[in-house]
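**Q** Residues per chain are reported as follows:
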Amino acid sequence: MQFGILINEGPYNHQASDSAYLFARNAIEKGHTVPRVFFYHDGVNNSTRMGEPPQDDRNVTTRWSKLAEEHGIDLVVCVAAALRRGIKDELLAPGFRISGLGQLVEMGIQYDRLVTFGD
Amino acid sequence: MLHIVNKSATERSSLDSCLRLATKGSAVLLIEDAVYAATKGSAAAAKIQAAAAGLKIYALGPDLAARGMAGRVLDGVNVVDYGGFVDLVAEHRNCQSWL
Amino acid sequence: MSDMDMEDDGSGIVKKFMFLNRKAPHGTVYALEGLEVVLITAAFDQDVSLVFTDDGVYQLMKGIDTKGIEVKDFSKTYRALDGYDIEKLYVDQSSLDARGLTEDDLIVDVTVLSDDEMKNLMDEQDVVISF
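These protein sequences, in sequence, are chains C, X and F. Counting with my numbering, you get residues 1 to 119 for the letters of the first sequence. Counting with my numbering, you get residues 1 to 99 for the letters of the second sequence. Counting with my numbering, you get residues 1 to 131 for the letters of the third sequence.
No lab work stands behind these hints, which were simulated from the structure alone. Computed from a predicted model, the values in this text were never measured in an experiment. Every clue listed holds true.
Listed next, the in silico SDA-like pairs over lysine to any residue satisfying Cα-Cα at most 20 Å (straight line):
#1 K16/F x Y111/C
#2 K119/F x T23/X
#3 K119/F x A50/X
#4 K119/F x A27/X
#5 K30/C x R93/X
#6 K30/C x P62/X
#7 K119/F x M1/X
#8 K15/F x M1/C
#9 K24/X x D116/F
#10 K24/X x M1/X
#11 K16/F x N94/X
#12 K47/X x K119/F
#13 K24/X x S94/F
#14 K15/F x R93/X
#15 K119/F x R20/X
#16 K119/F x I57/X
#17 K30/C x G61/X
#18 K56/X x N120/F
#19 K24/X x E124/F
#20 K15/F x M1/X
#21 K119/F x S13/X
#22 K16/F x K88/F
#23 K119/F x H92/X
#24 K16/F x A90/X
#25 K15/F x N94/X
#26 K56/X x E124/F
So here's chain C without its partners, still in its complex pose (with noise of 0.2 Å):
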């Protein structure tokens, strides 16, 4: 089966992110595909590759990069909210990249499921 998956939190300050990246890791392990992960609201502080967290915590973003990098997963960020939060294309980590929102309705047209995490 395909989930899409929306992510509106962005990381540390919400667990929005790191429960789908459980949700997504787990339903890959499955033998599920997700194809895409949409990042919107304030979901799209996810993608820049510029935070540092402390060397005993998780990196949200990085996580997300190798995840993407291994399984294959478009990670989009919506370039309305991405602007309005000065998220620009040389802050994205590895993996995202910044499109319309016409990428999110079109993960609820095609795929199986569509998954929300948020605040």
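Given chain C's structure and the hints, the job is docking chains X and F onto it.
**A** Frame of chain C; chains X and F shown alone:
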């Protein structure tokens, strides 16, 4: 339908709204801070137990454990792991997160 | 890279999309950015239902004046939804009652649903996105 609730029932109204608008036979999965509602002695315990008559109530085990609540789960609440969360989404035709 | 340049995904699939607005405007950005998703979805020719429940009904108040807080007043956009072929707007009676509101207090025409009607509407959706 699978309803997903992630906020503490003593902080937000999302659990109440979910229980009000979930059709009989639907599944409700409590994750993140919503798992406190599924524990013995909590303010929402009576609500959850009443709802369990018509709905299937699940709580995410890793979120319960992370909050020191793993040993306090109400009877009638099914504890699942992230794999179980994935199965619930796959088994239901649609899902809705009560943000 | 604009939002509007990729309107048709070419699949011809039409799904039932419900947007569930449960949050009041202005205190958080969800209502405003949620509305942006609704407009884009309509451009993909999907079957869109827009639901306002709980504090979401406050988004539709008549007489909203945001000048004093210096933010955009997007409530007028709700009146323009017709032009985007978004005609299915729903509010539930319980949420109006709990806030001392009636249909007359709202800026647009909506269909008022009972809890049972709202349950059924929700159940028949393919995709539910909540803001």
